[in-house]
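Protein chains in written order, with our numbering: chain A, 1 to 703; chain B, 1 to 253.
Source of the hints: derived by calculation from the structure; they are not laboratory data.
A few of these clues could be false.
Straight-line alpha carbon distances no greater than 25 Å define the calculated DSS-like cross-link-like pairs of lysine-lysine that follow [unchecked claim]:
id, chain 1, residue 1, chain 2, residue 2
1, B, Lys-248, A, Lys-284
2, A, Lys-284, A, Lys-273
3, B, Lys-108, B, Lys-121
4, B, Lys-248, A, Lys-260
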Amino acid sequence: MLEKNYLWRIYWRLAGVIMVCVVVALAVVSYFSHRVFDRELVPETEQKAATVGASVRALVLKATGYGIDFSQLYGVEQTFAEVFEENPEFAYMAITNTDGNVLYARGTEPIGARTHFRNPVVLQIAHETTDLSKAARVGQQYIVSMPINNDGKPLGVLHVGIDAAFVDHVLLEVLLDVLVVLVVSLFFTLELLNFMAGARLASGLGEFARQVDRMKAGDFTATARIRANDEIGRLLRRIDSAIDHLNVRYEFLAGELQDKVRTATAQRREALKPAQAALEAITKRLRFGSAPQAADGDEMNLNRIRAPLFAFILAEELTRSFLPSYVNQLIVAIPGISPQVVIGLPIMLFMLIVALGQPYLGSWSERVGRRKAMLVGAVVATIGFTGTALAYNLYDLILWRSLCALGYAMVFVAAQGYVLDRTGQQNRAQGFALFIGAIMVATVCGPSIGGILADNIGFRASFGVSALMSLISILAIVRLPATEAVLPTGKPTRGPRMREIMALVVNRRFMTLTGLAAMPAKIILTGVCFYLVPLYIVSIGNTSSMAGRMLMVYAVMMVLIVPLSASFSDATMRRDRYVSVGLIISGLSGLLLLLSDSFLVLFGVVFLLGLGQALSIAAQSALVAEHCQEEIRIYGHDAVYGVYRLLERLGNALGPLIASLLVILWGYQGSFVALSALVLFCGIAFTIATHGSEWQPATPAHP
Amino acid sequence: MGTIRVRFIIVALVVSFFAVGMAAFLNYFKYKSTISGIVKSRVLVIGRNIENSVQASLSVGMQFMELGTMNQLLQREKASDRLIRGIDVFDQTGQVLYSTERTRVGEKVVNAWTEAAARSKSTEWGTEAADEYVAGISLKNNFDLTVGYLAMRYSAEEVDRAAKVAGREILLASIFSFLGIALVAPLALIVVIRRFERDLRALEAAASHLEDRTEPALPTGSAFDGAIGNLRSSLRDANGALDDLRAKLDSVS
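From just these sequences and the hints, can you work out the full model?
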């Protein structure tokens, strides 16, 4: 454990330095971008102001053409107000007469405007007969002035003020995305540190620590391992060499003694007895020879799964924030099915294929080999992503997304199996932390970056990026060890049988955990995060980037809270309470939209949902082992957990369906509220159902 | 330079490349979308003038298909901004009814226009082709029914030129930022990992004398002091036992 914390301290320091460098670089890029924006956008906006001004001037001239006095026009300020509404970068509009006196004005008058209007150069504009417009910086605005001239008779000057800070507003929007890039960079740094240096470093230092412990315990058996050509590798080679040297000495001395005893006379044999006793003492206390070849390099191989898994999951996560909008774009009318349900159809189908496929793909990946199964899965998904990018309409999109789902299920199950094959009881939790860690980091990075890509390069090109990521994951999978590490004692895994499913579905204790906790949690997750948030955000005039940022909030909450809630719920052994509280918080999240439909409230919804899910998610599956021991005894651990996961994933598939049906009935806000109310109800029901004494945790036996 | 140090530096460079690249990408596309938006809204201002005229004609009972002064109005509005290449008015089937180019009247517009107009949730719509952009407005009568569409074709050159200039400058700024990081980050990383490297050196130094059985003094405070101590005492113990055996064997001869 010492070296693990030691390494993490180094990682964080390195990540800190890298982040400081990145922040400085981003500041430099932003500064220069601001300069370019300022220089290039202002003249373009001035031209636009001239066009808008020409339109207003035409109205004024039309009115004066009807004989209305130029100084007594009606509704000019209202026209200015309409212009401001359509052009938020305009801050001020005024019409002055030929003396420079303001006749009509609206908006924030810049300091020095009156003086500017009376400037002889500006007054001269009224006498221009062409469409000429002149721009000048006045206070915090750029004032574009143009003549109002009725067939050669000067009437006055029209001034349009452009807020100089509008470029800042444009860049502020970029800044939010740059912040997202910064957060993603931090996670990306930690992931890369682990991939490029950490995995080898951690396994090297771990190997060193184990070697020291072995030697301390008197084990000097030699290992024939290939060491990496780095500092730790060199160090381990030196230790190996010292051990080899000791082994040679031991072998030589033992052989010499044996020879001497064999050829010695009785008297001499007596003299050799102290040496024989010394050798006996050495063989009792110390071990020499060759070490067994068991689990050679498995820790290193275990770490190698992280990079391909991260790249592959990232490919899918990139699409989360914009997939419903893309489906909306390709939608075709299906008779008898509402468009809202049709939009959710590809997500639903994806989840259903993953749910139904996973139990059976587990044994398949065991048969064909984890690496091969991952390769096949990633290739299938890459074809799916490419097809999705090129999809003609909804029908072929569904086909391509089904391929993505199949590939996803294959890779997920095979990667899970890869971890299981290379871990034992003592390091399984560590193995799964690595597995879940890769997924969580991809969940943080994917939707936000995907949203940014979709907004800027379009949906199709963004799916192209996903295909590219999936392709990269194939390259990383190819580098995984070709030899499988199947535990000799391990039984082949199998999917749950129908008999077991039927028996467990009617089991009250099992269904309390599954039907009232696991399924509702997944329904609200996919219903809200994968379906409602991306669609609702776009429907209120926001972008896919914003949807991605929202989903990132959810993922960050999971990354931060899940480890804490998992350790606290394990320590207190009141996992049911964590599940209850988590469900109730999730259930309350959507109800916030009853207060307001503002954007900040939606942020609160996602925040609370993330918090609720993070509190309950770790405790949920642990509760199955804790309270379904009788069922595990009857049907077996694999069957009970198989059915539990199957139903949980069916919840994933149901989420978008239920959400879309609710949208038809009550609109987006109503759907958020109703879905949350459903989960709140389940949370309260779960709390009541687990209140009895049979649900109390077993008291640990006192020594 | 140590292999581990090189790997850390590569990580710093990869992450910086990603962050700077993303920032440049975001700034460039934001600039392009902003300038496109400004130019498009400028064109739409002219379109609104035409829309107002059409609606005024329709409100006094004129038929949409028989607006006699429409072609002249389109010509006049086209002349008001050099950016506009042409203006077309077409019906829901895509047939051009009025145009600044007489040859286009009666022809069908490309499907992308009618699709974009039908897909749009507001009255404004737009499409982008390689060299020409289109900004459009759905024309409605007094009963809020769409009677046709107005399409203003304008040159993509202005947006492309501005985007190219900005893109070049943003790219240059990004390259210089990245080069700056490439110079500074390795130095900063060396400072941060020097203690780790010192610890590793202490370990290596200790390990290099394991076979010759000398035990040079090591800098104290290393994170591996305990491990080095254990390593040495284990080897010392084993070597001691073998030395003892050697001595006992030698004493017999």
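Verification of the hints:
Taking the CA atoms of Lys-248 of chain B and Lys-284 of chain A, the gap is near 18 Å; set against the 25 Å cutoff, the hint holds. About 16 Å separates the Cα atoms of Lys-284 of chain A and Lys-273 of chain A, which keeps this hinted pair within 25 Å; it holds. Our distance criterion of 25 Å between C-alpha atoms is met by Lys-108 of chain B and Lys-121 of chain B, whose separation comes to about 23 Å. Distance hint between Lys-248 of chain B and Lys-260 of chain A is fulfilled; the C-alpha atoms sit about 12 Å from each other, no more than 25 Å.
Violated hints for the displayed structure: none, as all numbered hints are satisfied.
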